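Here is what each chain is made of, one letter per residue.
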Amino acid sequence: MIGVISYLVFFTTVAAILGIAVLGLNLQWGNTGLFNGGVVASFGAGAYGTLILGGAPQESQLGGFELFYPLALLGGMAAAGILAWAVGRLTLRLRHDYLAIATFGVAVAFENVMRNATTITGGAQGIRGFERPFRQMLGDGFTYNLVFLIAVLVILCAVYIFLERLTVSPFGRLLRAIREDETAARSLGKSPDRVRLISFVTGSVIIGLAGGLYGTFYAFVSPQDVLPILTFQIWAMLIVGGAGNAKGALAGAFLIWGAWTFSGWALSRFAPVEAQLYTGSIQFVLIGMVIVGMLLWRPQGLFPERLIVSQPGRSREKTQAEGFT
Amino acid sequence: MPEALLRIESLTAGYRPDLPILRSVSLEAKAGELTAIIGPNGAGKSTLIKAVAGLLSITEGRVLLEDTDITVLAPDRLSLAGIAYVPQNDNVFRTLTIQQNLDLVLKSHRDPAKRVQALFERFPVLAEKRRDKAGSLSGGQRQFLAVALALAVEPRLILMDEPSAGLSPKAAEEVLDHVKQLTRQGVSVLLVEQNVKQALRRADHCYVLAEGRNQIDGPARDLLDDPALGRIYLGGERKGAA
Amino acid sequence: MIQHLVDGILVGSFLSLGAIGLTMVMHILRFANFSHAELLSIGAYCALVFDRLFESLLPVLAEKIGPLSMTGALLVSILISMVVTGLSAVLIDKLVFRRVRQKGGELSMVFASFGMSLVIRNVIGLVFGLSSELYSRDIAFAMVLSRDPLLLVKPDQVFVLIAALVIMFALYLLFSRTTIGFALRAIAENPSLAQVHGVNLKKMIALVWIMGGALGAIAGVFYGLSYQITPVMGRDLVLPIFAATIVGGIGSVYGAVLGGFIVGVASNIALVVLPSGYSPSVPFLMILLILLIRPNGLFGEARA
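Chains as they are written, first to last, in the numbering used here: chain A, 125 to 449; chain B, 103 to 344; chain C, 19 to 322.
No lab work stands behind these hints: they were computed from the structure.
Since we're looking at a predicted model, the values are computed, not measured.
Even for Gly, the Cβ is constructed at its ideal location relative to N, Cα and C.
Incorrect hints may have been included.
[Stated by the list, open to error] Have a look at the derived ranges for each label pair, beta carbon to beta carbon:
no.	chain 1	residue 1	chain 2	residue 2	range
1	B	D171	A	R300	33 to 43 angstroms
2	C	K221	A	T243	27 to 37 angstroms
3	A	S293	B	N191	38 to 48 angstroms
4	A	S293	C	S244	48 to 58 angstroms
5	B	N143	A	E306	37 to 47 angstroms
6	C	F159	A	E306	53 to 63 angstroms
7	C	K221	A	L186	52 to 62 angstroms
8	A	P294	C	L310	26 to 36 angstroms
9	A	I244	C	I311	21 to 31 angstroms
10	C	S244	B	Q219	43 to 53 angstroms
[Claimed, not checked] With a straight-line cut-off of 25 angstroms between C-alpha atoms, the simulated DMTMM-like cross-links for lysine to aspartate or glutamate are:
no.	chain 1	residue 1	chain 2	residue 2
11	C	K121	A	E306
12	C	K121	B	E162
13	A	K314	C	E124
14	C	K121	B	D120
15	C	K221	B	D192
16	C	K221	B	E162
17	B	K231	B	D213
[Stated by the list, open to error] Pulled a few chain C residues facing chain A out of the computed Cβ check, cut under 7 angstroms:
no.	residue
18	R117
19	V118
20	A130
21	V137
22	I198
23	G199
24	F260
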């Protein structure tokens with residue numbers, strides 16, 4: 125019984141951490157309409173940043189500054205924010221899909237650098253020897269995990285409330301105005317590029333926070349944790365929950381993470397041995413199909429906040445139907 | 103009296119299906135005539151012509167070319183049916199040369215080389231610049247190329263959206279004179295113009311639109327002196343005004 | 019150094035072919051297609067299947083052509099693969115992209131292509147296995163072009179470069195001499211005007227996919243000839259190909275050609291200063307560099 129509870133605690137912790145990342149992505153995509161193809165770079169920057177700043181010194185490796193934990197976590201978030209700011213500055217004023225390509229590129233380069241810059245990041249071995257905060261007080265067992273879960277849930281709620289406040293604030297109205305009619309917003313003296321940049325950086329900082337918590341939870345991070353598939357998973361969580369809908373996004377995080385863990389378990393348990401090698405491929409196909417399937421059949425997500433009524437007129441086979449004009 | 107070539111019956115249309123700009127507009131363009139549509143800014147003139155050209159969604163009403171219903175035809179089908187359209191802006195392919203512009207619109211023509219030759223005789227200014235990119239033409243020259251592109255396939259009806267917009271008064275006169283000349287040669291034209299006097303002086307029949315509805319219509323010469331016209335432009339006495 | 023330059027030009031030849039198709043799709047359908055590189059995988063595997071088939075059915079075709087490791091069977095297979103890959107691209111558009119296009123905005127298309135890349139890549143892995151394949155197991159001996167500095171080139175690489183240049187010249191003729199080429203350029207510049215002048219948008223979109231698929235198939239086979247065929251080759255190629263289109267300027271076919279060679283050469287020259295582990299990051303650095311100095315690329319125009 126304690127095994128089940130302890131697993132549930134473990135599962136909920138990871139799902140809640142990913143939920144924070146989904147909330148950050150929701151600010152970027154759902155509220156601002158920015159495609160971040162490199163979620164994993166922000167996530168990884170948060171994780172690596174936190175562990176390098178807060179970890180113990182390692183032989184022949186930079187870092188291990190043993191900073192006070194909250195400072196280390198803030199440092200990780202700042203690393204994610206700075207990365208996002210640099211990419212956003214370069215791409216947000218260009219054609220919308222440049223951001224998608226550039227963020228995708230950041231993620232590739234990020235993983236590549238983490239794997240190779242051994243003196244900073246531990247290379248393929250990753251960063252080890254991180255002391256989890258308050259371990260002396262709480263020990264390593266179930267109690268620690270439970271307290272950690274509660275801390276994660278509190279942070280999740282804080283992020284949620286912050287984002288809800290943000291969307292009804294003047295800034296949130298500005299985001300909406302820019303999405304609805306950029307020209308009008310511009311003519312009112314607002315700078316859409318700047319607003320988008322703020323939103324993009326804020327979202328990335330939140331994703332970085334999730335990464336920092338993730339690194340803390342495992343007390344370890346390696347290039348295996350910043351593979352592109354994580355980007356796809358977080359995207360799938362968002363689209364399943366419904367972009368622009370924070371509650372749905374959280375539900376999506378738990379649903380997709382549950383489906384992912386379950387499918388992995390089921391495949392390893394029931395699939396024939398020779399198919400075991402392909403477990404990853406099967407799961408990847410499923411994630412891809414969730415994304416494409418949702419876009420095709422339920423673009424508003426499984427948990428739509430409000431009813432979206434579309435009123436197609438008498439459509440002609442022509443420009444608008446093909447997505448132009 | 104010539105037959106109606108194009109008949110628009112109670113057309114309701116707009117850029118979005120839930121936001122109609124035109125409300126139940128009806129209109130006829132007779133064969134071989136210059137039919138003008140005038141009206142104050144925001145009257146829906148351009149919207150009307152775009153809807154006929156197949157570029158907007160029509161929520162109610164019909165468009166007939168003689169007896170064929172062309173309401174839901176895609177733009178490329180309309181050109182096969184014999185309707186050419188000259189948009190107000192971006193009406194030539196800037197990145198193609200003049201020759202390539204003409205070759206493109208004549209791609210299904212029986213004898214494109216001969217047709218291009220005929221067009222060059224009609225528009226000598228284009229012949230001189232045949233190897234230049236269309237983007238390098240002056241405003242007036244560009245309008246002539248746009249008209250040439252429409253004329254190339256020998257359409258039965260040309261829809262023209264403010265061909266004089268943005269041109270110098272002299273160039274505008276030249277272009278409008280050429281449009282008038284076309285009708286003398288048997289091409290029917292449905293013209294949207296913001297320049298009322300210029301349009302009325304040349305048109306055979308004229309429709310006045312305001313706020314997305316028909317206001318008055320009649321022979322162009324009669325409308326020139328109609329006091330109602332002034333009132334429509336000044337904002338009094340309109341049908342459908344809120 | 020010279021060897022890196024030559025290798026880079028050879029890499030550039032298939033990057034360019036991939037980038038031409040991508041830049042056309044990005045310009046005409048206005049979305050960054052993250053699954054474009056998967057067309058290269060489809061093409062490479064399709065050619066592999068037919069190659070094996072012909073070699074076992076018609077041993078005559080299994081003969082090598084001159085000094086190349088290339089056989090008649092592979093040559094025929096490339097042609098078949100071009101058709102199959104082109105049709106696959108049309109099919110994917112019909113099943114996925116067109117439907118998303120009708121519903122959502124351009125970014126939904128980017129998103130859909132993101133998901134499609136994952137699906138295609140892993141389905142290929144499931145069907146063909148995760149290990150890499152080769153068209154020919156024989157070792158192709160490199161020709162020594164020069165001993166000082168040492169310069170080695172494989173006959174296959176020379177063939178790939180020449181074939182790529184021939185294809186690019188054919189494309190140049192298509193775009194500058196034929197009305198189909200004009201129609202493609204017209205659709206890219208002003209789709210509604212092109213339709214008004216009788217260009218059938220649907221047919222042109224299908225043509226763009228067929229061309230993108232066919233060029234992608236050639237690029238995929240050439241990649242396979244130069245390295246090896248793996249299910250994740252699309253993942254490794256997507257960023258270099260995007261970099262080539264951005265360096266050249268989105269929408270410019272000539273830009274894509276030049277961009278492909280620039281990215282190929284730069285990635286190889288970078289190995290002179292960078293440890294080889296960092297080479298996957300070079301295309302990204304190229305993107306950053308071009309965004310800093312010339313955001314619309316070498317031949318691109320600003321467009322919203």
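- [ ] Sort out whether B:D120 lies within 25 angstroms of C:K121, counting only the CA atoms.
- [x] Between C:K121 and B:D120 the Cα gap is close to 17 angstroms, so the pair holds against 25 angstroms.
- [ ] Measure nothing beyond the straight line between the CA atoms of C:K221 and B:E162; if it is 25 angstroms or shorter, mark the hint as holding.
- [x] Status violated; Cα separation ~29 angstroms.
TODO: Could you check the hint for me, namely that B:N143 and A:E306 are 37 to 47 angstroms apart, CB to CB?
DONE: Roughly 23 angstroms apart at Cβ, these two residues miss the hinted range, so it is violated.
TODO: Go ahead and decide if the range 27 to 37 angstroms is satisfied by the Cβ distance of C:K221 to A:T243.
DONE: With Cβ atoms ~57 angstroms apart, the hint is violated.
Task: Interface hint outcome for C:V137 [beta carbon to chain A under 7 angstroms] - done: With Cβ-Cβ at 4 angstroms, under 7 angstroms, it holds.
Open item on the list: Would the hint linking C:K121 and B:E162 be met if the CA-CA limit is 25 angstroms?
Closed with: Within the cut-off at roughly 23 angstroms; holds.
Open item on the list: Quick check on the hint: C:V118 CB to chain A CB, less than 7 angstroms?
Closed with: 5 angstroms, holds
TODO: Confirm or reject the claim that A:P294 and C:L310 have a C-beta distance inside 26 to 36 angstroms.
DONE: Roughly 33 angstroms apart at Cβ, these two residues keep to the hinted range, so it holds.
Open item on the list: Range first: 52 to 62 angstroms. Now tell me if the beta carbons of C:K221 and A:L186 are that far apart.
Closed with: With a Cβ separation near 58 angstroms, C:K221 and A:L186 satisfy 52 to 62 angstroms, so the hint holds.
Open item on the list: 43 to 53 angstroms was suggested as the range; check whether the CB atoms of C:S244 and B:Q219 agree with it.
Closed with: Given range 43 to 53 angstroms: holds, Cβ gap about 50 angstroms.
Open item on the list: Is the interface hint satisfied for C:I198? The criterion is a beta-carbon contact with chain A at less than 7 angstroms.
Closed with: 19 angstroms, violated
- [ ] May I ask you to test the interface hint for C:A130 with respect to chain A, counting a Cβ-Cβ separation under 7 angstroms as satisfied?
- [x] Constraint on C:A130 satisfied, holds at 5 angstroms.
Violated hints for the displayed structure, listed by number in ascending order: 2, 5, 16, 22, 23.
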